[in-house]
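> All chains should be built: construct the whole structure from the sequences, respecting the hints.
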Amino acid sequence: NAGVTQTPKFQVLKTGQSMTLQCAQDMNHNSMYWYRQDPGMGLRLIYYSASEGTTDKGEVPNGYNVSRLNKREFSLRLESAAPSQTSVYFCASSEGAGGPYEQFFGPGTRLTVL
Amino acid sequence: AQSVAQPEDQVNVAEGNPLTVKCTYSVSGNPYLFWYVQYPNRGLQFLLKYITGDNLVKGSYGFEAEFNKSQTSFHLKKPSALVSDSALYFCAVRDVIFGNEKLTFGTGTRLTIIP
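Protein sequence lines correspond, in order, to chains A and B. Take the first sequence: its letters are residues 510 to 623, numbered as in our numbering. Take the second sequence: its letters are residues 427 to 541, numbered as in our numbering.
Treat the hints with care, as some may be off.
[As the list claims (entries may be wrong)] In silico DSS-like links for lysine-lysine, alpha-carbon gap of 27 Å or less:
1) A/K566 with A/K518
2) B/K503 with B/K448
3) B/K503 with B/K475
4) B/K475 with B/K495
5) A/K566 with B/K475
6) B/K495 with A/K580
FYI, nobody ran anything at the bench for these hints, they're computed from the structure.
See the structure below:
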């Protein structure tokens, strides 16, 4: 099992460009999450999907959109990138409701916006 | 809202000595607490969790955590540190919003084991 995979690993964008970060899990998990990690701030939740067909805002959703494409895949889109979105992005998944269940994390995408 | 605090940004320990990484929590209701580790350029890995029962929870790589309700703490411990334990450690607390499960993370503690 690959667990949680993310593409790309690295990306450099110019201000105003758009891009989509891809995430997939092969553990048949119901819930999926997108976080950003910034120095001294820990991990902050951007969006999450409790189950296929649902998405909800987290702590820092502004400037992002998400799509839960199916049970396996959860993508994060930056429509018009800004330097403040320079960060490391992590996708995670868990079994979902009825927990508490641990979350399993992908390897991350390091994004730089110039 | 549920929250956790990690009061130390950096902890240095000599190899072979016991280590402690501190975490305090603030919750309404029963606390469900987690520890994760992040090695350089990697995602977070689950170490252990506290749900209920025994206040000493054992986890991966020889780590354990002590739950203390009166001090609202959940400190991570290991009896004898290894250089390979050097990493970034995160404490987290489970939160449930409209029936949906989330984790809220602390800001992290960088642990350095000195040979």
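> For every hint, state whether the structure bears it out.
Now the hints, each set against the structure:
1. For the hint pairing A/K566 with A/K518, the CA-to-CA distance comes to about 24 Å; that is within 27 Å, so the pair holds.
2. Note on B/K503 and B/K448: the hinted pairing holds, with a Cα-Cα distance of about 9 Å set against a maximum of 27 Å.
3. Taken as a hint, the B/K503 and B/K475 pair is honoured in the structure, with Cα atoms around 13 Å apart against an allowance of 27 Å.
4. For a cut-off of 27 Å, the pair hint linking B/K475 to B/K495 stands: about 15 Å separates their Cα positions.
5. For the hint linking A/K566 to B/K475, the alpha-carbon distance of about 25 Å falls within 27 Å, and the restraint holds.
6. Among the hinted pairs, B/K495 with A/K580 is inconsistent with the structure: their alpha-carbon atoms are about 38 Å apart, more than 27 Å.
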